[in-house]
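Participant: Construct all of the structure, not just a fragment, from the sequences and the given hints.
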Amino acid sequence: MYLIVVGAGKVGVNLVRELEDQGHEVTLIESSRSLYMSVEQEFEHRVQYGDASELWVLERAGIERADMVIAVTGDDEDNILICQVAKEKYSVERIIARVNNPRNRAHFDLLGISPVVSATGLILKLIEHEVPHHKLVRLLDLESEKIEIIELRVGEDSPVAGSRIADIQTPDRTLLITILRDGTGFVPDAESVLKVGDDILAVLDPDHEEELKAALGFDG
Amino acid sequence: MPKMFVLIVGCGRVGSSLARKMLGEGHTVSCLDQDPEAHAKLGVGLEEEWEDHGGIFTVGAALETKALETAGIERADAFVAATNGDNTNIVIAQIARQRYEVDKVVARILDPARAAFYRERGMEVVCPTRVAIEMLEQSLTGADRDGEG
Numbered sequence: 002m003y004l005i006v007v008g009a010g011k012v013g014v015n016l017v018r019e020l021e022d023q024g025h026e027v028t029l030i031e032s033s034r035s036l037y038m039s040v041e042q043e044f045e046h047r048v049q050y051g052d053a054s055e056l057w058v059l060e061r062a063g064i065e066r067a068d069m070v071i072a073v074t075g076d077d078e079d080n081i082l083i084c085q086v087a088k089e090k091y092s093v094e095r096i097i098a099r100v101n102n103p104r105n106r107a108h109f110d111l112l113g114i115s116p117v118v119s120a121t122g123l124i125l126k127l128i129e130h131e132v133p134h135h136k137l138v139r140l141l142d143l144e145s146e147k148i149e150i151i152e153l154r155v156g157e158d159s160p161v162a163g164s165r166i167a168d169i170q171t172p173d174r175t176l177l178i179t180i181l182r183d184g185t186g187f188v189p190d191a192e193s194v195l196k197v198g199d200d201i202l203a204v205l206d207p208d209h210e211e212e213l214k215a216a217l218g219f220d221g
Numbered sequence: 438m439p440k441m442f443v444l445i446v447g448c449g450r451v452g453s454s455l456a457r458k459m460l461g462e463g464h465t466v467s468c469l470d471q472d473p474e475a476h477a478k479l480g481v482g483l484e485e486e487w488e489d490h491g492g493i494f495t496v497g498a499a500l501e502t503k504a505l506e507t508a509g510i511e512r513a514d515a516f517v518a519a520t521n522g523d524n525t526n527i528v529i530a531q532i533a534r535q536r537y538e539v540d541k542v543v544a545r546i547l548d549p550a551r552a553a554f555y556r557e558r559g560m561e562v563v564c565p566t567r568v569a570i571e572m573l574e575q576s577l578t579g580a581d582r583d584g585e586g
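These protein sequence lines map, in sequence, to chains A and B.
Heads up, the first sequence is in the working numbering, so the first residue is 2 and it goes up one at a time.
Heads up, the second sequence is in the working numbering, so the first residue is 438 and it goes up one at a time.
It is worth saying that the hints were derived from the structure and are not from the lab.
There may be inaccurate statements among the hints.
Unchecked claim - Below 27 Å or equal to it, Euclidean Cα-Cα: the simulated DSSO-like pairs (lysine-lysine) are:
1. 503/B / 440/B
2. 11/A / 147/A
3. 88/A / 541/B
4. 196/A / 90/A
5. 503/B / 90/A
6. 478/B / 440/B
7. 214/A / 90/A
8. 541/B / 458/B
9. 440/B / 126/A
Facilitator: Printed below as a string of structure tokens:
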């Protein structure tokens, strides 16, 4: 594939190294002169100096033949704009954008910039998994495929504590796939009984999340 | 002209002057800028403080939904994106239009190429660079180019 990576910070540089190791052709674009100078020796003609939100800079990098554009600058507006222009003006089929401030995530969604990667968001998710604040944690969210995996904690007050899996009415298009108990996980069968403190992993169509929560007696 | 609630994001030379003009014409004007010092620009040439004339000023980042809402985007009839960043203006203009459904949205975009692309996509755009280029060309060639620009 031919990929354009925008932003020669740590993320961008390491990404280019890995992609090149995998045999892809990559051009890196960086708008800060000093950052550009610091990577120019390593990447030579494969790094270009310029502001990738300027259309001619993207054209010079060969955006017309790019299979993918990855915007990982430290500026969310720039990442949105670069991906929007790549997708809508140059019909680049695949884009990936970095979200620096998780609060800006909604703006990426609104403008159809997807998929996105947010280091802060990922760390927050991991913290949530390690130290759950809420009873429900979203572990995997494949938006376009309409599939998500969530983790639900069976609390003291849970109406399903003590119930057999066979007796729990789960809605269509949802499936309880794993029970995590005392540090190990197992795939439940109809006879498995839920206990207080269990974490249930469920795979489901996100549209049915509310129904599943209701079926398991989660309100929040 | 009916009285509007105008939200101006970016309170530099352009934003603050526009804000004073619109206020002078009797509109309700709210300005959002991340720099608290920008407030001083609004008061230039006014007899009293900006607020005493009925103006609103909010300190906050243009992309922060909370700041936009505090500045009144939900009741805005018109929205002007006039920060010093083209990409910021492009993004917030789309947020104003698509998320908050503001009727009148205008973005200032300095780069003529980006301005042309977003104008094609239906955004109302003012590109001061393009206007300057045309005016400079006119004064050099002396050509009368009414109807353009």
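Participant: Give me the numbers of the hints this structure contradicts, sorted from smallest to largest.
Facilitator: Hints 2, 4, 5, 7, 9 are the ones this structure does not satisfy, whereas the remaining hints hold.
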